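Chemist: Each chain, written out:
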Amino acid sequence: MDYLATKYLRPRKIPSTACSGCGLGQAHKKVVKAIDELGLGIGDVIWGTGIGCAGRQTFNTWKGDNFAGTHGRAYAIATGLRMALAPDKKIIMTVGDGDAFGIGFLHLLNCARRNVGMTVIVLDNLGYQSTGGQYGWTTPRGYRTDSSPYGMREPNWTQEGRDVLNILREAGATFLARYTSLQGQEAVEAIKKAIMNNGFSLVHMPYPCVTNFAERALGTRKPVEIYKWFGEHTCSMHEKGPDDFAFRTGIYHDASNSRPEFSEYMKTWVAEIQRRYS
Amino acid sequence: MAKRTEVLVSGFGGQGVVRIGQTLSTAAVYQGLNTTMLVSHGTETRGGYVRTQVVMASESIDSPVVENPDYFIALSKAAYNRFISLVKEGTVIYDPAYVEPDESLPIKQVPLAARDTAVKELGRELYANAVVLGAMARMMAGLVDKENILKAMLERIPRFHEENKRAFELGYALMPKE
Amino acid sequence: MRRTLDTGNAAITEGAIIAGCRLFAGYPITPATEIAENMSRRLPQVGGYYVQAEDEMTALHICIGGSLGGLKTMTATSGPGFILYADPMGWALGSEIPLVVVNAQRVGPVSGITGAPGQGEFYMSRYPTQGGNYETIVLAPNSVQEAFSITVEAFYLAERFRMPVIILADQLVTDGWESLSIPETPEEVEAMGLKVIPRRINEGPEFYPATDEIDIPPVVLGHNTDAACSDWTPTPEGYDTEEVDFQHKHAYRLIYKVRNHKDLITRYESYFVDDNPDLILVAYGSPSRVVISAVKQAREKGLKVGALRLISLWPFPDEIFKVPAKYLSVELNYDGQLVREVQRAMPKGSEVHFFGKCGELPTVAELEEMMQALLAGKEIKARNWEWEAW
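Chains as they are written, first to last, in the numbering used here: chain A, 1204 to 1481; chain B, 3 to 180; chain C, 319 to 708.
Hints were generated in silico from the structure; no laboratory data involved.
Heads up, a few of these hints could be off.
Stated by the list, open to error - With a straight-line Cα cutoff of 16 Å, these simulated EDC-like cross-link-like pairs (lysine to aspartate or glutamate) come out:
#, chain 1, residue 1, chain 2, residue 2
1, A, Lys1292, C, Asp544
2, A, Lys1216, C, Glu555
3, A, Lys1266, C, Asp544
4, A, Lys1236, A, Asp1205
What the hints assert, rightly or not - Covered stretches of chain B (in silico footprint by chain C; criterion: 3 or more residues with CB under 8 Å from a CB of chain C, positions within the stretch not fixed):
#, region
5, 24–36
6, 53–66
None of these values were measured; they are calculated from a predicted model.
Glycine is no exception: its CB is placed at the ideal position from the N, C-alpha and C atoms.
In isolation and in its complexed conformation, chain A is listed as follows:
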């Protein structure tokens, strides 16, 4: 990260205060690497964050402009911001699974429907880890957390035929992908495509939480165990994967630049009305 950190990130926030062994740094680095490989500068990106590990650890790490929304609301703020920003500015957001798929899901769906130009990277640690480890909307069925001491029984957004990415596709998102933080350049390439889509893009990126998820679900805080577990449960989106649970990865939906971006068509349309009435 050193070269990238020096170039793009604020020294005051790097290294972060994340737990030792946390996968968030890997994921964060992939986003910055994608930005770098696209040749974007500090002034080209507005970085948004939500609440939770992902939000708190990445907020104001970007050397340029930063904003953090209250829990789940960064997408709604980004919608208004998009209307006001110059079209060449990219909004990139690093948010958590609870933020995006729980408390902020309504806003996320409406951003997808409107095709608001933003790239949402959901850094998914499989539950509410910053509050100590409660189950969330991507926690695998049956796994133990502090609020599911007998195993997570609630239907989630990622198993039994449901996939949150399918819901977002139906809602109108124009780029959707899933890669874990353990995966390599293919994940970076997907993030690059997401950023280059002039519309609503989302990359779902599960990453290992050693301190809370691994400790409750796997019974150990040895990083090697959760990393191994991640590897065993990762497969391609075309594969079935292990019986109990799988991170099915790949580019789910690439309809990049197939629909007008919200703020752009609003601007075009407003200019037309203005012309008519002037």
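Using the hints, position chains B and C against chain A.
Modeler: Structure of chains B and C alone, referenced to chain A:
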């Protein structure tokens, strides 16, 4: 004009109660007066009433509430019964097609056959509110010019201008000058 | 100058346009729907954007985002939507986002009656979000013309104090029709005593200085200022911090930028209070119209009564309650809200009374009866709803 003139219009939905109020209030603006108009709906079920309270004055208006109407235009029995007690020195203008006035009251009550005139002369009850406005133009002469009420009415009514103008003139002719 | 007959909703729309509002996000709700409708028609004509949000919470967040991007923004609602602002309102207050929020109060609680006026969010407009450690600016028009001018003023104060300004209207002001003069040139705007200031951009690096100063430009993203703003307690540079020292400084700023410049905010009207009246009626919004009529008429009849009409509600103008007297707060609610502040602010030797009514205005006749009773030293009951009779 008098310091403050209050007009209360009430009837049931669809009779143009709001339009009559809006027209008179708009005419007051054309006349260079200050004006307020409140619209309220009684229980919005059958048997309820619609009410507009119009105030006009040459000076600024404090309370927009009509408590002592100079003119009470009663277009339904329910409206008449509900608000007649407010009239002390003002004039009641009622449509006999709907309202049977309480003759025992010591107030001036003027019948205005708005519905029947509209139906007989123009074939549609729709024009009754234009008849009322014409009558009011006669009643309120000296307060608001007839031309201003007519102009306001045509501005508030999108269609059938010729018929509405005729209805307005019929109403004007029906009413003795105050 | 254009003179028309129009509603408070239309007046607020035109005020916002003149003040430079170019993004409105809203959600339909009676009796503020017409503001959204008018905005959807008017904004595109002047190059602005109307966004219909999925709920009121989103609407205010979109306004925050727009303001963060440099646009002047506004949203409008009634009580049932106002409660959904709690989340973004905290963000806007804490991160000092200039924007304008309109609440056309209707009868409650909850959905209540859609088309009837109420005054139930007097305190909620003081505490529209959690956490404390802030002041709000709340303005209350009582006429269509004032709804226009207060909207222009709200945008002006929002920019100067860099914070959300709440217009606490009521259904009779927003839905009521009245003669309205709208200026058509900047000179006419100025002649009406109204000021418009453009959005300025904070260049940093101190975005949240620990000072009570106003006129500090707000954070605007997208202009290479390396700005940072969040829901967290900020350092002056906008970093999130857990240090209480910074929290103290942030709270000081949010509270004292308003308190120490209260004179720029406080507005009221007084009637017949210079000869030590025995009774002073207090009101804001549409009931104040009837109060003023009632007091003028009572004076003609020789009753020694006066009136205070509040235009700015928060910060509460304690200092205008100078005369020891009987005070009567006239409100569109039955629980009595404004009356509690009157009780707190009134000078020694005063006593406080309350007259509440919901869904429609009191009448001059009712108020006169009330004044006569109070002046005669009688106890008054809350009229109209004497529980015993039920």
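Chemist: Could you run down the list of hints and mark each one as holding or not?
Modeler: Taking the hints in turn, this is what the structure says about them:
1. With a C-alpha separation of about 14 Å, the suggested pairing of Lys1292 of chain A with Asp544 of chain C holds against the 16 Å cut-off.
2. Simply put, Lys1216 of chain A and Glu555 of chain C have alpha-carbon atoms about 13 Å apart, close enough for the 16 Å limit, and the pair holds.
3. Between Lys1266 of chain A and Asp544 of chain C the CA atoms are separated by roughly 6 Å; this keeps the pair inside 16 Å, and the hint holds.
4. A hinted pair counts as satisfied when its Cα atoms are at most 16 Å apart, and Lys1236 of chain A with Asp1205 of chain A qualifies at roughly 11 Å.
5. Using a Cβ-Cβ cut-off of 8 Å, 7 residues of the region 24–36 of chain B lie near chain C, which meets the minimum of three, so the contact claim holds.
6. Remark: the region 53–66 of chain B is confirmed as covered by chain C, as 4 of its residues place a Cβ nearer than 8 Å to a Cβ of that chain, reaching the required three.
Violated hints: none; the structure is consistent with every hint.
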